[in-house]
Amino acid sequence: MKDDSHYRKIGFKCGLEIHQRLATDRKLFCECLSDINASDKSIGHVTRKQRAVAGELGSIDRSAEFEEGKDRTFKYHIFRDRTCLVDIDEEPPHGINMQAFMVALSLSQAMGMKPVDEAQPMRKEVVDGSDPSAFQRSVLVALNGQIKVGSASVGVPSLFIEEESSGIEREEGNLISYNTDRLGIPLIEIDTDPTIPTAKAAKEIALYIGTLIRVSGMAQRGIGSIRQDVNVSISGGARVEIKGLQEIDTMDRFIDNEIDRQENLIRIRDTLVKRKASVGRPKNVTRAFANTKSKVLRSSLDADGRVMAIPLHGFKGLLGTEVNPNRRLGSEISDYAKTAGVHGIIHSDEDIASYSITKEELAHMRKELSITEHDSFIIVGGKEGQAEKAASRSAWRASQAMVGIPVETRGVNNVELCTTRFLRPLPGGSRMYPETDAHPIPIHSMLMEQAAGSAPSIEKEREFLGAKLTNKAYAEQLLTSPRLQLFKAVTTKTNVEPNFAASVILQKLTELGRQGVNVSSIREDRILEMFREYDMERITKQAIDEILKSLGREDEPVDSIIKKHSLSRMHRHEISALVAQAEKEGKADANAIRKELMSKYRLRIDGEELNSILASKVS
Amino acid sequence: MSFNFKGTQSEGELMPSTEANAFDIVVIKLDNGYNIGVDFYASRLRLIAKRKGKIAFPKAKIKQAETLPKVSVVYTGGTIGSRVDYKTGGVSTLQSPEELFYTVPELAGIARIEPQQLFNISSEDMTSAEWQKIAESVASKLNHGSRGVVITHGTDTMHFTAAALSFMLEGLNAPVVITGSQRSPDRGSSDAFMNLICSAHAAARSDVAEVSICMHSSSSDDRCALMRGTKTRKMHTSRRDAFKPINDSPIALIAQSGAIEYTGNSYRRVVREERRKIVPRAKFERRVALVKPYPGASPEIMEFYIGKGYRGMIIEGTGLGHTPVSTRDKEDSWLPAIKRAVSSGMVVGMTSQTLHGRVHPSVYKNLRLLSNAGVIYCEDMLPETAYVKLGWLLGNHTRDKAAEMLPKNLVGEIKGRSEYNDFGV
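Line by line, the protein sequences give chains G and U.
Mapped onto the numbering used here, the consecutive letters of the first sequence carry residue numbers 1 to 619.
Mapped onto the numbering used here, the consecutive letters of the second sequence carry residue numbers 1001 to 1425.
Take these hints with a grain of salt, some might be off.
[Claimed, not checked] Taking lysine-lysine pairs in the DSS-like style, the calculated list, with each CA pair at most 27 Å apart, reads: (1) G:K200 / G:K460; (2) G:K114 / U:K1408; (3) G:K617 / G:K584; (4) U:K1408 / U:K1283; (5) G:K508 / G:K595; (6) U:K1006 / G:K148.
Treat the hints as calculated values from the structure; they're not laboratory data.
Isolated chain G (complex conformation) (with noise of 0.2 Å):
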């Protein structure tokens, strides 16, 4: 942990955007369902062409990239009650989702946001093939608001509502498959000045917002509902958006990582200049490594594919070097090459006998590189064209490490270390045009009230569930638990107490997931009917776990599992009856019968009640 100070003196400069998906009945723009359900399997499929229209593609050889986007194909799974024709861009979009819009304007409120006074739909391009349509439809709903986290304050310069991108199923060469069951469910995206202070208020304040949307009520639960990304830069840096941490307890440790990777590059930056490093043209050294035995090799020459190499004079022990846990500036490189399709790369700060490359053949690839055993080398194989493409973005990855950090977009590498990988170059500002097949939606002042008296409060919310609980640890979990409104929907639509109802849902829940129970794919309205059966008293306490349980298996109305497992509690009168017959059969002592009748029936015999069978006996 670095401390505060280390911060302002590096010139630390950090934003934050927050997606989350809503809990909405139906998507943004359709009346399609707007959750994620695993049972709608795909009842078939389209595929498409998509061309760039749009010119911001990036800065490395963005022709190359022109030419990969237009032999694409993309094929789009379509769900039963998932996917419509507005999905698949076969039909215009329908008017906006109000209910949605209406949750992006009350979390506007709730941050001091300006609305606009009329939000226009936009279309921004997407050119990955994520959006059949090849862009992504975002409103912009409100502006400048402003929140307090702890001492940190940060500006929050707008909240977007728009539509989630497809999911994807697989990437087979140029065929990529995607899932449009997600697509069009709606995104709330929440963006802050970059002007956090420190890594852990970062952490803060994604928590806050975090919070507030889902004490909102309408957050979706569930792998991926929440995406955060990051931008950091340092002085001398560069601006670097870390994309899609899902987990709020590393941030801060992503953060201080990309710190040092950072810090890392520009000490490594200043030896290359001293040394007057410089990067050589990628050769085609295949003849090099003709009879190679190294498995590598063997596999691109085998595909008929060639080995390129470059040499680099300055470089070395710097490929080597750490710039972040388990990451050199060789794994940077390697990230480069790995966008044209190869598997890596080989340098010469690696142990090059394990790749079971000879001297000889170094020896030869030295001589066609006109390089001497001082320079540093990286060797990359691959099929035709690829080789070559690789070997030319390692070559500019290479040679930015003697001007500094390349703007990038970067994506998880590692979650246990917090480190993470080059993805793509950060694009220019994505082109948007308006949306003129959806209306424009004017924000009047009944909106505006309605939105006021919605805006959600954390201050209220942890009021609320103070009152409802004794136990004041529970309350505080809840506050940032995902769980969130299952807690306010057993409270409300039963009488079970809300202490237990708390224990079963942080407690319970979390020790099953340990124990293996596939807890997050139990719904949350079984976890309600449970606790329904459990006050109508046709549980007990020691069958929910049984529940639980079964529900984690499959996904059954909780009756039948009741029924199926024997789970049913016993009325008072079948408990008189078994211990009339165990008395029957001579057993006088209150504790013996207790005893065997609880390791029969645990299940389903409520203790107190049978405490109260035994002692009404004995009087």
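Given chain G's structure and the hints, the job is docking chain U onto it.
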């Protein structure tokens, strides 16, 4: 522009408002590319600098081989030939081949493209006057050495134009391909690109000497269907495979790669050695109506047309070709009006609102009553095609000749055999 946004001084670019915006709203584009609508009176707009509103479309210069066949591309309007100004969302028309090649570079490898903008009319706004102009333009292109012609067209009434050209371009000996798009070309997913490429292939390389429609054959971007102009209809409001052959199958399926797969459906072939100039027969009688009876439809509808002196009417009847005839209330029967129409000299043709299948003049008594009254049963012809055909016949022939030719096949609009596979809904 600078403006006051609820207390914060802000800057942005003023955008043109559209009919969708409220009257007191001005639309401003912010730095991040988003447009916002702000209250005109409260925002106190102030001009900082003027910028050019129009942007020049990028062009691609491509040298084309002289050996490629010459194909004319005639723009008539619709979304397909348009480009969007990304800033404003405004639409304008592509004009030079260089602009077209930038958008669809593949075209340069298929044919020597000669684009011409004839007019820029949405297809729902077209009349027979536009059909005549297109026919004349196409004839002139073909008479001046084009191997084939591609016509870009709005999709709504594309099948009317296709039918009209089929009749007007008598003695056609070259492919004339009409295409359009259901998704505008400003989106990377537009069907326009593939439709144009496949149409260019059809015009440059196929031997189909007919007027055809070339559009997506399915919702996927795999192949286009080349369909007979007189037997094709727009069957969906928005899907890219909206056009379907009715009582017919496609002539060919064309892939973007240029692979043309003929389906076995018969078609008129290009005769290489024949070099005859085409003189379009393009007159059209506009006093022809297309009328659709329905339960309770009043025969006064017919009376209206009789009174206006209409010379022809195509009825889009129910089922095998009915109008209300033996109604319980005599006032509701169309039979007397039809008799009056025929005796006034009007040519009355019968088609079916089922679209699929053939009408028949004698299966039921009511049908016999109608045909005895002089209604001409138009076989398996589409109502729209029959309407166009009758207007063309009455424009170029006598009333009796028109009545005689209406139920007879001229250019593929009527098929003698109803094939099992033609009902592939």
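Hints versus structure:
1. G:K200 / G:K460: Measuring from Cα to Cα gives roughly 25 Å; hence the hint holds.
2. G:K114 / U:K1408: This hinted pair is violated, its Cα atoms lying about 70 Å apart.
3. G:K617 / G:K584: Holds: G:K617 and G:K584 sit about 13 Å apart, inside 27 Å.
4. U:K1408 / U:K1283: holds, 20 Å
5. G:K508 / G:K595: Holds, because 25 Å separates the two Cα atoms, which is no more than 27 Å.
6. U:K1006 / G:K148: Measuring from Cα to Cα gives roughly 21 Å; hence the hint holds.
In this structure, the one hint that does not hold is number 2.
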